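Asks: Quick mapping for you: the protein sequence lines, in order, are chains Z and H.
Per my numbering, the very first residue in the first sequence carries number 1; after that it's consecutive.
Per my numbering, the very first residue in the second sequence carries number 1; after that it's consecutive.
FYI, nobody ran anything at the bench for these hints, they're computed from the structure.
Misleading hints may appear alongside valid ones.
Said to hold, decoys possible - Residues from chain H that keep clear of chain Z, each with C-beta distances beyond 10 Å, as calculated: (1) H16; (2) A25; (3) P36; (4) T60.
To be verified - Coverage of chain H stretches by chain Z, computed from C-beta distances (three or more under 8 Å per stretch; other residues unrestricted): (5) 17-24; (6) 47-59.
Just so we're clear, the structure is a prediction, and the values are computed from it rather than from any experiment.
Where is the CB? At the ideal position from N, CA and C, for every residue including glycine.
What follows is the residue order along each chain.
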Amino acid sequence: MERTSLYKARQRRTATVREAAAIDGERALVERAQHHDPEAFAQLYDRFVEKIFKYIYYKVGNKSDAEDLTGQVFLKAWEAIGNYRLTERPFSAWLYRIAHNLVVDHFRMRREVLPIDEITRPDEKDDDLDVLTQRHLTAEVLLRAIRRLTSDQQQVIILRFLEGYNTEEVARIMGKGQGAVRTLQHRALAGLARIFRRGSEQL
Amino acid sequence: MMNMILDQCLEDIHAHRATVADCLAQHPDCALELGPLIDLALAIASLPEVRPSLAFRESTRARLLHLPIPLYSWSPEFPDLPPNDLENEVLSLQ
């Protein structure tokens with residue numbers, strides 16, 4: 001038992017050292033990019049392009065728009081990297097902020113409102129959420145429901161469950177406390193449950 | 001309180017330290033609310049992985065490597081001043 005605890009403690013220490021090294025490496029790349037080193041910026045791109053793409057994809061719902069917006073995120077980041085200030089928040093938090101703003105603009109331009117019928121089918125009036133989960137929660141339906149949440153709730157759901165960050169990391173990225181993230185997470189999941197239980201009445 | 005319980009359960013399930021049944025058994029008072037929320041979180045986490053196409057990744061990377069240097073140059077001498085303030089400062093000195 002004691003050996004297991006020691007092993008876990010060592011694992012945690014190793015993970016912490018690895019994280020610290022990764023953060024140092026990231027800072028060095030950011031500083032080089034701020035001095036207009038395109039190779040350093042390309043390395044930052046390599047690190048974050050998939051995460052930013054995923055974040056945007058789950059918000060806009062199609063690959064072509066998501067790729068277009070992801071490209072724009074990195075172009076804007078290159079243009080503005082001189083204004084970026086190294087803080088305790090990770091560099092990715094700044095990229096997510098740019099991505100968020102571009103997604104907001106994207107929807108503002110398209111004035112897109114999802115029809116209620118596309119979220120729940122007319123026959124899905126069953127109150128048993130388990131039945132709905134098992135039978136009808138296709139990826140598409142679930143994603144459409146997520147897009148009905150508030151922006152902060154969407155961000156928590158995407159970062160936490162689709163990008164695999166833990167609560168502490170989500171809090172750092174969003175610039176919020178862990179308590180606030182837990183509250184958002186609870187409200188988001190409860191909101192989704194309500195959407196699936198009540199169908200169009202909820203909306 | 002529910003926020004904490006839900007988060008702890010999700011962390012434990014994700015790390016394979018507990019199953020959904022374990023969590024519900026540990027928290028019988030709120031199992032009715034907790035169960036569906038955990039199920040939803042797991043359903044979201046199991047959505048198919050999405051990735052940008054290789055063609056997009058490579059073409060964007062190549063484009064980034066050949067971008068012009070931004071007009072505003074970051075100044076290590078004034079790291080705390082945002083660009084507009086720096087410009088105003090320079091203008092006020094003239």
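Asks: Does the structure break any of the earlier hints, and which numbers would those be?
Replies: Hint check: 3, 4, 5 fail, others pass.
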